[in-house]
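Participant: So the chains spell out like this:
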Amino acid sequence: MTAAPSLELRLAIEDLNSAYCAALDDGRYEEWPELFAEDCLYRIVPRDNYERDLPIALMHCESKGMLKDRVIAVRQTAFYLPRFLRHIVSGIRSTVEADGTIRSTANYLVVQTLPEQPTELFNSGRYLDVILREEGGLRFKERLCVFDSIVVPNSLVVPI
Amino acid sequence: MGPLLGDKPPSEERRHWPADRTSRVPFWIYSDPEIYRLEQERIFAGPSWSYVALEAEIPRAGDFKRSDIGDKPVIVVRDEAGGVNVVANRCAHRGVAFCQQAQGNVKEFLCPYHQWTYDLRGNLIGVPFRRGYRGQGGMPADFAVEANGLQKLRVARRHGAVFASFGEPEESLEDYLGPLMLGYFDRVFAGRELVPLGGMRQRIRSNWKLMAENIKDPYHASLLHVFLVTFGLFRLDQRSSVEMDETGRHAVLVSRKGEQAVNDATRQMRSFKPDFTLNDARLLDPVREFAGDATVVMQTLWPNLIIQQQSNTLAMRQLVTRGPSAFDLVWTFFGYADDTPEMRRRRLRQANLMGPSGYVSIDDSEVMMASQAGISPYPGAEGLFEMGGREARSEDHMVTEGAIRGFYRHYRRVMGI
Chain A
164 MTAAPSLELR
174 LAIEDLNSAY
184 CAALDDGRYE
194 EWPELFAEDC
204 LYRIVPRDNY
214 ERDLPIALMH
224 CESKGMLKDR
234 VIAVRQTAFY
244 LPRFLRHIVS
254 GIRSTVEADG
264 TIRSTANYLV
274 VQTLPEQPTE
284 LFNSGRYLDV
294 ILREEGGLRF
304 KERLCVFDSI
314 VVPNSLVVPI
Chain B
77 MGPLLGDKPP
87 SEERRHWPAD
97 RTSRVPFWIY
107 SDPEIYRLEQ
117 ERIFAGPSWS
127 YVALEAEIPR
137 AGDFKRSDIG
147 DKPVIVVRDE
157 AGGVNVVANR
167 CAHRGVAFCQ
177 QAQGNVKEFL
187 CPYHQWTYDL
197 RGNLIGVPFR
207 RGYRGQGGMP
217 ADFAVEANGL
227 QKLRVARRHG
237 AVFASFGEPE
247 ESLEDYLGPL
257 MLGYFDRVFA
267 GRELVPLGGM
277 RQRIRSNWKL
287 MAENIKDPYH
297 ASLLHVFLVT
307 FGLFRLDQRS
317 SVEMDETGRH
327 AVLVSRKGEQ
337 AVNDATRQMR
347 SFKPDFTLND
357 ARLLDPVREF
367 AGDATVVMQT
377 LWPNLIIQQQ
387 SNTLAMRQLV
397 TRGPSAFDLV
407 WTFFGYADDT
417 PEMRRRRLRQ
427 ANLMGPSGYV
437 SIDDSEVMMA
447 SQAGISPYPG
457 AEGLFEMGGR
467 EARSEDHMVT
477 EGAIRGFYRH
487 YRRVMGI
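Top line first, the protein sequences correspond to chains A and B.
Quick note: the first sequence uses our numbering, first residue 164, plus one each step.
Quick note: the second sequence uses our numbering, first residue 77, plus one each step.
Worth flagging that the hints you see were computed from the coordinates, not collected in a lab.
Think of the CB as a built atom: it goes at the ideal place given N, C-alpha and C, for glycine as much as any other residue.
Be aware that one or more of the hints could be misleading.
Claimed, not checked - If you want the footprint, here are the derived chain A segments under chain B, 3+ residues with CB under 8 Å: (1) 230 to 236; (2) 240 to 246; (3) 312 to 323.
Working from the sequences, and respecting the hints, build out all of it.
Facilitator: Here you go:
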């Protein structure tokens with residue numbers, strides 16, 4: 164049995180998504196793993212692989228620790244040209260299962276601005292989420308980003 | 077879309093490249109449209125063997141996959157007899173790239189425009205209204221279906237990898253690779269059933285040759301790649317070698333894993349971080365799975381393939397040219413049919429190092445974009461490839477750009493420049 168979310172829960176899910184976008188777009192990357200449960204799964208997968216059940220992912224994190232390692236890479240180890248990203252999330256649809264687990268999907272769009280370049284459409288796709296209620300609010304148990312075009316413009320550095 | 081200026085053809089005099097200066101590479105070869113056109117003709121449509129697919133991607137009769145050689149789209153397809161055919165994705169009638177699916181299964185190929193139909197070998201088998209309608213129209217009486225099939229490429233296969241050629245290769249694939257490269261190739265493929273794990277693709281805003289240079293250059297890896305350096309995955313104080321075939325067109329970088337320790341070499345690398353640790357060490361949990369003690373073998377096969385074995389992450393990286401200032405890097409990750417579930421998870425985790433978001437490969441795709449941004453506007457300047465001398469020969473160390481010199485020695489021979 165699944166149920167429709169309450170109005171209050173719908174707003175909380177929207178807040179979770181807004182906090183997620185703000186952490187990445189404002190460069191507050193350290194806040195990004197904190198939106199996930201300790202035991203979590205985060206993957207960025209091209210639609211082609213998803214539809215064919217092929218497991219390989221551009222980013223594959225199986226724990227909050229692996230998310231933190233991604234942040235350290237963005238901050239300290241990776242070389243990349245400076246960039247400015249903006250995540251736009253819309254069309255959030257959620258259901259609540261009997262045990263309280265929330266399943267949610269949304270469309271996303273990420274635009275990217277490289278130095279002295281016009282803003283470009285960088286990546287679009289769908290979020291497929293499993294969300295838990297924890298102390299302190301909602302957390303992602305799973306976030307799967309399935310992106311539309313397999314061709315990534317140059318590099319995908321900051322999480323989607 | 078990239079941070080590039082227009083690709084201006086250089087004047088004839090600026091296009092001069094002295095015969096004895098292969099350790100210096102003029103920048104016009106990375107942006108000149110005429111050079112790009114010549115590369116398509118002499119390299120990618122020439123008598124070389126280009127990688128197009130893994131057989132494991134098209135296991136059953138009728139399975140096909142779109143691929144590219146240079147910038148020309150082709151289709152790789154399995155026929156009823158188990159053979160693998162490679163045909164141009166270009167209808168023999170009016171040129172439609174009729175196959176628009178990345179992968180799939182068909183009984184025959186149908187062009188949507190006028191419904192010309194081809195079998196799995198590329199033979200023309202159907203032309204609607206060939207005899208006209210009620211005595212009117214139709215193709216001329218001497219129109220021969222057998223002479224109007226799809227353009228068929230020469231095909232060579234070895235241990236599950238498919239290569240094809242638009243030209244007429246004088247050598248078998250085995251002779252083309254030569255015994256040294258064949259040994260490294262077979263190390264990964266011989267006697268193993270491959271399982272595709274999925275693809276990734278990135279459009280890098282640089283000339284394709286910068287990718288070839290990058291992967292033939294072990295020297296940069298010890299300086300640019302903080303991640304590799306810090307965890308001792310590939311560093312020049314480790315026992316390593318750069319080997320190439322007699323022509324210089326193919327090469328391999330071989331290395332063995334080292335420790336995260338301060339020594340004479342790591343002291344010279346600002347990128348070495350002795351105190352850096354992972355929050356989740358499962359990311360790097362390599363297991364030896366090949367004979368010998370090499371932990372990294374990166375093989376570049378002329379003109380369009382990099383075979384990556386970095387610990388337990390295995391991939392074919394195919395180069396698809398997209399004009400002088402861009403190319404697609406097409407990654408096909410794979411494992412083996414007899415992988416344990418634990419090995420399969422290890423391959424997925426280690427794939428975090430590779431691809432458009434790789435802990436290691438981001439550095440390369442970004443530095444290539446920055447390189448093209450410096451190279452394109454200065455076609456009269458030149459690059460310097462003199463680390464380890466001016467010759468092109470195999471070495472048992474990493475402080476060399478010798479394999480790049482080998483690449484350009486062969487490039488100049490094929491291009492006639």
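Participant: Against this structure, judge whether each hint is valid.
Facilitator: Verification of the hints:
1. Counting residues of the region 230 to 236 of chain A whose CB falls under 8 Å from any CB of chain B gives 4; the rule of at least 3 is met.
2. Only residues whose C-beta sits within less than 8 Å of a C-beta in chain B count toward coverage, and the region 240 to 246 of chain A has 5 of them, enough to reach three; the restraint holds.
3. Counting residues of the region 312 to 323 of chain A whose CB falls under 8 Å from any CB of chain B gives 8; the rule of at least 3 is met.
Violation of the numbered hints given earlier is absent; every hint is satisfied by the structure.
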